[in-house]
Amino acid sequence: MKKLKGLGPRAYNTLFHTHTVAGIVISFGLFIIFYAGAYTLFYHELKQWENPDLRQPMPAIDEVDYDLFVQKVDEAYNLDYTKRVNVYFPSEHEPIIKMYAQGHTSDSTTESVAVHYSHEDQQIHDAKEEKTTLGNTIYGLHYFHQIPFVGLYLAGFVALFFLFASVTGILIHWRNLLTKFYSFIKEGKWKLIWTNAHTVLGVIGLPFQVMYAITGAFFGLLVLILLPAVFLKYDGDVEKVYGKIIPFYGVEVNEEAPASDNYTIVDLFKQVKADYPDHTFTRTQILNYGKEDALILFALDDAEEIHAAGSIVMNMKSGEVVEKYSQFPQKRTYSYAVVDYIFKLHFASFGGFFMKLVYFVMAMITAFMIISGVLLWREARNNNRYTYKQKLFHHRVTKAYLAICLGLFPAFGVLFLANKLVPWEMEGRAELVEQIFLLGWLLLTIMGLFWNKYSQQNRNYLIIGGVLSILIPIANGVMTGGWIWNMWGPYPWVAYVDMFWLFAGLTALLLSLFVLKVKDDSDKPKPPVEKVKPKEERLPVPEKIMTPNPLKELVLKFKSLRSTGA
Amino acid sequence: MPAKAKYLSSGWVRFSKVMAAIFGAYAATMTAHLAASMMLEDDTPILLTSTFSGFLMWVGLMVMVFFIRRAWISWAILLSITLVSSLIIFL
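Residue numbers (the numbering used here), protein chains in the order written: chain A, 73 to 638; chain B, 285 to 375.
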């Protein structure tokens with residue numbers, strides 16, 4: 073196959089260097105983002121697993137009396153109807169009704185209200201403090217939410233430089249693009265193996281990775297993009313920009329509007345549902361409930377198609393659709409659709425469950441591509457052109473990097489186990505679980521720093537992670553009664569999560585026992601063997617035995633005379 | 285395999301290139317998008333397009349800075365994009 077014409081030597085080396093520097097700096101952040109992100113794809117699917125209270129039958133969603141629910145919450149919290157009342161419909165993964173709204177307090181301010189309503193016990197549960205936030209812990213880790221204030225922006229810059237690394241990477245690989253397209257080589261020198269893994273997976277994953285670099289930068293650095301426009305054209309009012317993306321956002325209601333006998337929520341819901349029978353309805357948003365100018369928005373989507381999302385706004389008094397605030401599925405304009413597309417591409421909320429699986433595999437391949445880049449960086453520097461000190465530095469960076477990244481697999485085991493083992497009725501258990509996870513990860517990382525062989529680190533983390541993974545379904549069974557065979561029929565997603573961990577654990581153990589070969593020698597560079605100089609080694613000869621050398625004396629005398637200038 | 289040091293710029297030139305790649309490229313990207321949105325009646329499509337094309341252009345210019353040998357040429361390109369766009373915005 074013909075080689076493509078690549079870059080010239082100067083451009084090649086310069087871009088190569090920027091690729092290396094950008095890549096090494098972002099590498100562990102990027103690995104964490106992809107690894108945690110791969111699990112976050114199943115945020116909703118994890119819900120019933122992490123929260124046994126959600127294991128209840130799904131009510132028929134258009135037969136619940138939502139008005140009664142809103143009135144019940146109003147009695148308890150004195151809702152402020154001029155602010156938006158958000159009601160989430162029950163879904164397959166969360167068969168409860170959720171409400172987020174604003175309530176009046178004793179003084180004239182408002183405070184946020186979060187309640188869950190279970191159809192099973194007909195009770196309103198305050199949801200301000202959740203009992204489990206496992207999904208949110210992983211999701212937060214995905215954009216460094218645990219780092220105060222700057223986490224999201226750091227993640228945004230990691231995404232931006234990931235785009236830079238992708239572009240420079242493909243440019244420096246250009247001349248080998250065709251000839252090495254299929255170089256899945258698993259033999260030969262380690263440097264060659266990591267090079268091929270890095271470039272082949274980087275090229276195959278390029279569309280996926282570039283998509284994630286751009287959409288990731290969108291979420292992290294949107295403020296940098298909007299800031300100039302907002303200040304120059306919108307008088308610093310970012311709400312005006314949101315109003316352009318979501319037409320319902322800018323609607324204002326009359327606080328003095330008289331009360332009116334409106335259509336019920338269920339009536340209007342049934343009407344919209346008849347118009348869009350194939351769509352799923354996720355939530356509704358109500359403005360000025362019970363008043364003459366009350367508006368209701370129904371958000372609908374279809375998890376299969378990318379253009380199917382929309383929102384229908386209705387006047388609650390007349391029961392008619394308000395066209396100027398609505399976004400009709402398949403008929404949205406570019407401006408209304410583009411941000412939704414970015415969300416869908418990023419969260420894989422199109423194409424169904426199979427698309428999420430593809431995303432998961434691609435994210436794991438990308439995580440591997442990132443690791444292979446670091447190992448390649450180290451192997452390329454493990455030669456005599458580098459001093460012992462430099463080599464030691466490369467080794468330590470690689471070791472710490474692998475400890476952080478590979479330690480994440482057992483740390484996730486710790487997180488899932490902690491979610492089950494911390495008592496359900498305990499105060500502040502969600503926070504404790506997150507702390508156990510972060511502390512466990514730290515300990516696992518520190519442990520890894522004592523293993524000087526990379527394959528040893530890999531094997532040990534696989535064994536620890538494998539054992540913890542197998543314990544996860546057992547912990548779920550013992551603590552919540554959610555054994556795989558019990559959950560299989562009524563709540564299949566609980567069983568799928570357990571089966572995933574069982575499979576992951578067994579695979580990890582098999583790999584660690586039969587595939588990975590750990591040699592005895594260490595990857596730590598050996599200090600240079602110092603040549604023993606016999607002269608220096610000789611003990612100083614006592615002075616009295618020393619015989620003076622007349623010639624040497626003379627030379628020394630001459631030198632000292634010359635230096636004083638005499 | 286590691287990049288050969290003899291081809292790399294050093295010292296102030298390197299610092300200048302990094303600054304151009306991050307700040308110069310950002311300024312050029314944002315002003316170019318704003319200028320484009322000024323030329324249209326309804327600026328919403330450009331504003332929303334900039335949420336992804338902004339990052340592409342920013343990174344594209346970053347690569348350009350390192351691709352061009354001399355730092356001052358890169359600065360000249362970036363500053364002239366910024367200047368021309370600013371003229372369109374403010375005039």
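Keep in mind that the hints are not guaranteed to be accurate.
What the hints assert, rightly or not - Think about it this way: if two alpha-carbon atoms lie no more than 20 Å apart in a straight line, the pair counts; the simulated EDC-like pairs of lysine to aspartate or glutamate are:
hint, chain 1, residue 1, chain 2, residue 2
1, A, K525, B, D326
2, A, K305, B, D326
3, A, K525, B, D327
4, A, K203, A, D333
5, A, K598, B, D326
6, A, K396, A, E328
7, A, K312, B, E325
8, A, K200, A, E506
9, A, K203, B, E325
10, A, K312, B, D326
11, A, K428, A, E377
12, A, K396, B, D326
13, A, K428, B, D327
14, B, K288, A, E451
15, A, K155, A, E117
16, A, K305, B, D327
17, A, K258, B, D327
18, A, K428, A, D374
If you are wondering where the hints come from, they were derived from the structure by calculation, not from laboratory data.
Given pair status - D374(A), K428(A), alpha carbons within 20 Å
holds (15 Å)
Please verify whether K200(A) and E506(A) have alpha carbons no more than 20 Å apart.
Roughly 17 Å separates the two Cα atoms, so the pair holds.
Would you check the hint for K312(A) and D326(B), treating anything up to 20 Å between C-alpha atoms as holding?
holds (14 Å)
Pairwise hint evaluation, E325(B) against K203(A), where the allowed Cα distance is 20 Å at most:
Since the Cα atoms of K203(A) and E325(B) sit roughly 51 Å apart, the hinted pair is violated (cutoff 20 Å).
Taking 20 Å as the top limit, are the C-alpha atoms of K155(A) and E117(A) close enough?
violated (31 Å)
Decide if the proposed pair is consistent with the structure: K203(A) and D333(A), CA atoms, cutoff 20 Å inclusive.
Since the Cα atoms of K203(A) and D333(A) sit roughly 39 Å apart, the hinted pair is violated (cutoff 20 Å).
Could you grab the alpha-carbon distance between K312(A) and E325(B) and see if it respects the 20 Å cut-off?
holds (17 Å)
Quick one, are K598(A) and D326(B) close enough, alpha carbons at most 20 Å?
violated (66 Å)
Would you check the hint for K428(A) and E377(A), treating anything up to 20 Å between C-alpha atoms as holding?
Holds: K428(A) and E377(A) sit about 14 Å apart, inside 20 Å.
Assess, step by step, whether the Cα of K288(B) is no farther than 20 Å from the Cα of E451(A), and give holds or violated.
holds (16 Å)
Are the Cα positions of K396(A) and E328(A) separated by 20 Å at most?
At roughly 23 Å apart (the allowed maximum being 20 Å), E328(A) and K396(A) break the hint.
Within 20 Å, alpha carbon to alpha carbon, are K428(A) and D327(B)?
violated (35 Å)
The structure fails to meet hints 1, 3, 4, 5, 6, 9, 13, 15 and 17 from the earlier list, while all remaining hints are met.
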